[in-house]
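Asker: Just so we're aligned, residue 1 is where the sequence shown starts under the UniProt record's numbering, counting upward by one.
FYI, nobody ran anything at the bench for these hints, they're computed from the structure. Some hints could be false.
[As the list claims (entries may be wrong)] In silico DSSO-like pairs for lysine-lysine, Cα to Cα no more than 27 Å straight-line:
{"hint": "1", "residue 1": "Lys7", "residue 2": "Lys220"}
{"hint": "2", "residue 1": "Lys7", "residue 2": "Lys176"}
{"hint": "3", "residue 1": "Lys176", "residue 2": "Lys123"}
{"hint": "4", "residue 1": "Lys123", "residue 2": "Lys133"}
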Amino acid sequence: MSRLEGKIIAVTGAGAGFGRAIVQKLIAEGAKVLGIDLIASNNEETASLCPNGTFFQLTADVAAEETWQNVLRLSNEHFGHAPTVIVNCAGVVHLGQEPHLVSECEFDNVFKVNVKPLYLSTKVIVPFWIENKIEGHFINIGSISQARPRPTTVWYAGSKGAVTAVTRGLAAAYAKHRIRFNVIRPSIGETAMSVMQTDLLNTKNCADLSIGFLGYKVAKTLQKDGQSD
1 MSRLEGKIIA VTGAGAGFGR AIVQKLIAEG AKVLGIDLIA SNNEETASLC
51 PNGTFFQLTA DVAAEETWQN VLRLSNEHFG HAPTVIVNCA GVVHLGQEPH
101 LVSECEFDNV FKVNVKPLYL STKVIVPFWI ENKIEGHFIN IGSISQARPR
151 PTTVWYAGSK GAVTAVTRGL AAAYAKHRIR FNVIRPSIGE TAMSVMQTDL
201 LNTKNCADLS IGFLGYKVAK TLQKDGQSD
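Let's have the full structure, built from the sequences with the hints guiding it.
Answerer: Quick look at the structure:
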């Protein structure tokens with residue numbers, strides 16, 4: 001039996017980059033995945049890479065509470081069970097520039113996409129798990145940038161620092177219900193965000209961490225006991 005056989009997992013940002021790699025690795029390990037992405041065509045491409053019946057796509061905004069209600073409903077409808085694992089992977093970065101030049105719109109969007117889904121998924125999913133005595137697991141994708149912020153992506157690094165702080169706090173808050181929270185902080189890979197950088201910088205950064213390795217890391221984390229990391 002595969003390591004994740006029988007698990008139902010919801011993954012945000014499933015349409016590209018890290019999210020797609022995570023989906024593919026989880027399915028290869030036996031899980032069924034509900035993938036959430038704002039761009040339908042990206043999610044459709046991910047679906048085309050997955051065996052029939054293993055992936056269901058939801059085109060939606062992860063920063064909307066209705067999306068998380070639909071995660072519960074659609075997972076039950078298509079897989080016969082609510083997800084027991086949530087992977088919050090969707091993320092955006094602002095254009096690299098001096099911090100005072102970043103527009104308010106860009107700033108708001110970074111925190112809306114990178115942080116707000118943690119609040120909304122907790123608000124919707126955790127009460128359901130508690131009521132149904134499900135010992136669920138959240139895996140939130142942070143970034144190494146929180147500890148080593150670049151001068152040109154300060155607000156992005158700040159949002160990822162929030163991901164780490166929130167994850168650790170949630171782990172403490174819900175340990176009594178045996179609901180686990182982990183944060184994984186990768187470097188950078190060939191994602192939609194990385195196109196904002198030069199080819200030379202991409203070559204250097206992408207050598208730090210392959211996208212496939214993050215999928216492996218998420219799958220491995222699901223095998224471990226514990227709370228926050």
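Asker: Now tell me, hint by hint, if it's right for this structure.
Answerer: Now for the hints, and whether the structure bears them out:
1. For the given pair, Lys7 sits about 14 Å from Lys220 by alpha-carbon distance, which is consistent with the 27 Å threshold.
2. Under the criterion of a C-alpha separation no larger than 27 Å, the hint pairing Lys7 with Lys176 is consistent with the structure, at around 22 Å.
3. A threshold of 27 Å between alpha carbons decides the hint, and for Lys176 with Lys123 the separation of about 17 Å falls inside it, so the pair holds.
4. The hinted pair formed by Lys123 and Lys133 meets the criterion: a straight-line CA distance of about 16 Å does not exceed 27 Å.
The earlier numbered hints are all upheld by this structure, with none contradicted.
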